[in-house]
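Chemist: From the two separate chains plus the hints, produce the assembled complex.
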Amino acid sequence: MAEEVKLLKTWSSPFGLRAFWILKLKGVQFDFIDEDLSNKSPLLLQSNPVYKKVPVLIHNGKPISESLVILEYVDETWKQNPLLPEDPYERARARFWAKFGDDKVLASIWNAFIKQGKEQEEAIGLAIETLKFLEEELKGKRFFGGEKIGLPDLALGWLANLIGVFEEVIGVKLIEKERFPLLSAWMQEFAEAPVIKESWPPHEKLVTKFRAIREPYVAAAAQPK
Amino acid sequence: MGEVNLHGEWSSPFSYRVIWALKLKAIEFEYIEEDLSNKSPLLLQYNPIYKKIPVLVHGGKPISESMIILEYIEETWPKNPLLLPSDSFERAMARFWIKFSEEKGPTIWKIFVTSGEEQEKVKNESLEILRTIEEKGLGEKKFFGGENIDLLDLAFGWMPYWLGVIEEILGLKLLEADKFPRLHAWIKNFKQVSIIKDNPPDRDRMLIHFSSLREKLLH
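Heads up: the protein sequence lines correspond to chains A and B, in order. Numbering-wise, this note's numbering puts 8 at position 6 of the first sequence, and it's gapless, one number per residue. Numbering-wise, this note's numbering puts 208 at position 203 of the second sequence, and it's gapless, one number per residue.
Excised from the complex, chain B in its bound form (with noise of 0.2 Å):
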């Protein structure tokens, strides 16, 4: 079928889901780590428009953009296990909420890259995404996939690695327990499915990194 290369960045969230989506399905791949302040001509040829990664490579054929590469892993290597519903509804209930990830997302990324008033503005906004994606997207479900964890979980993790990191760099609690229980039910759960636990992110790493590239952002 052909060999499957990821090309993709330790710290990023977008690298990450395409990982977890690889090695749920136990397909073999090679995995390149792009240094993006000097990005590999490889990738400037598999991604000539966003130049961005993830970028996954199967049989010599590109695909970009992280929630397509998803999709296009899901139709590939069908079932084992089924990471979108089978129902039709139920499949456009779950790419309403990758939608509701991807355009929301980066709201709560601003909060790491703005001060004062304007951070305040955000953090509210941000405040508002969660308790939507709390009560309408979670509900009473134990992942956003039902029983098992599927792509709509996998999109969500940016909040149990992502998030936390950005509230100890700047010494805020967005998603509080007693405000959030059931997306902080979600979060233990996560971490506790085998296949993420034992491929987390480098947490210590991260604070490290991002801490300084909030020195250099307010400076």
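The following block holds chain A by itself, in its conformation from the complex (with noise of 0.2 Å):
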């Protein structure tokens, strides 16, 4: 039976660039659909009725989604370049990281980046807390996977290029290399990774997108109370 493999993402997604990545780094054959948040496809809607959101894996007219879910799935059932080492426990940690990533590091790095004057100063205290421990699992490791690019990098392999964006825009420094040496020469080395390296979204586009986003935070704030 041919295999039809399509990805609902957006050109700017952190969690579709995933799914991509993924799909590459296997050496999947698959088509791609950069959906309009603000217009939703009713392939979208169709595939995706809980959420409404991308990314979407359909594999064979079959809809997957939530980005984590994705990357186990694609994962198992394409079984060269493995993400996922054998070793249960060894699972467990990388299951661990990844899921760290979303709820820990990716929370604390939006507030540092929405927040306003003091609240911001106590929020990038609280991220730079949590990518402390990022730091510390990095040691004697090349990559959150160990020798090769695993489950735990491809969750947190937005901050290869968003902390840039991030930082660009609300001019404070976020990961400085004094202060995290081996996240930032993680970060340098899974931005410049085969498959990776061709995939980034243009880094001026999403300055703008992400500027535009933080607007009505600073306006809020600017506010008389």
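Incorrect hints may appear among the rest.
One side only, chain B facing chain A, incomplete, derived with CB under 8 Å [unchecked claim]:
1. Ile68
2. Ile73
3. Thr81
4. Phe101
The hints are simulated quantities; they were obtained by calculation from the structure and are not laboratory data. Built from N, CA and C at the ideal position, the CB exists for glycine as well.
Modeler: This is the structure:
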């Protein structure tokens, strides 16, 4: 049976990018559609009726949503170049770091990005505390997955380009090389890895987009109380 | 293969998921009750990032985050019984709903820590969440896992016990039988599963404990 693999994503979504990466890293043939979230396609709404979000992977007509669920599904279905180790304990560690990335790192960085004034200072402090755990985890490792890119690297990979975008918009350095030597090295190595390096959305376009997203927060904070 | 220890807490649905999974697989383990107001040095050492329960320790190696623990248990002691579908797509569906439970569960808990208008808003959101679970998550199945319970049923284990406790303390009914017939049937079936029936959480103690918690939160 001919395999049909379709990925619904957007040009900028880091979650969609994860799914894009794993399919490319495994050499899977697929089509992708960049959705306009202000005008969601009937296919998207039908494929992800619960959340109506991207990414959605459609494999031979069957839709799978939630980026980490997609990563595990792709890893199990196409066995070449595995992203998860064999050993159950190591798999649990990999899943832990992927989840930590989404639950804690993403949230703390986002807060540092949108908050203003004193709240921003506190948010930046918290983000730095969170990032320290990542720095610690990279000791003795080239990637979070060890010698090669694994599930947690794809899950955390958004750091490699979006941190630069956020830093440019807010005018504050979040990941300083002196404080985070290992994390900085990882970001560079990941960003330049084969497949990954060809996939980054255009930097300037991201800066424009996130600057626009930040505007209402800046405006609200500027209102007299 | 190594000793199995579980650090848990008597009133936590996250802790119970792991107890139920271990018991379903007939895995011998030692249970350590943690006092969360006075966490043991061992817990802090095993889970330095979150400092939370449950933590499963197998052969000295700690695993935290309840659903990650459950996947670990499933992979380390496969079958007897199978707790995730063997088909990849069905497995992805199970993981999707597990994530849904993790993401939306806290919204429902918010009813317990809010009052007035805010509580009303949360109540409405919660009803929508339950509606989605009833219609899209469970559908026509007996259990989320099909004919038998699996990890997804355990992920929703907060509903049969903890939701009822909250409803009783707050004097409000979220999960009305005529509005959510499938979930009601599922709750009944879930509680009848022998491992679950033999290892229920302490409802009476929870009523007392969560009542006083609610008192403190409101004052």
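Chemist: Do the numbers back the hint for B/Thr81, that is, is its least Cβ distance to chain A under 8 Å?
Modeler: holds (5 Å)
Chemist: Any CB of chain A closer than 8 Å to the CB of B/Phe101?
Modeler: Where the cut-off is 8 Å and the nearest Cβ of chain A is about 5 Å from B/Phe101, the hint holds.
Chemist: For the hint on B/Ile68, does the least C-beta distance to chain A fall short of 8 Å?
Modeler: holds (5 Å)
Chemist: Restraint: B/Ile73 near chain A, CB-CB cut 8 Å. Satisfied or not?
Modeler: holds (5 Å)
Against the hints set out earlier in the document, no violation occurs for any number.
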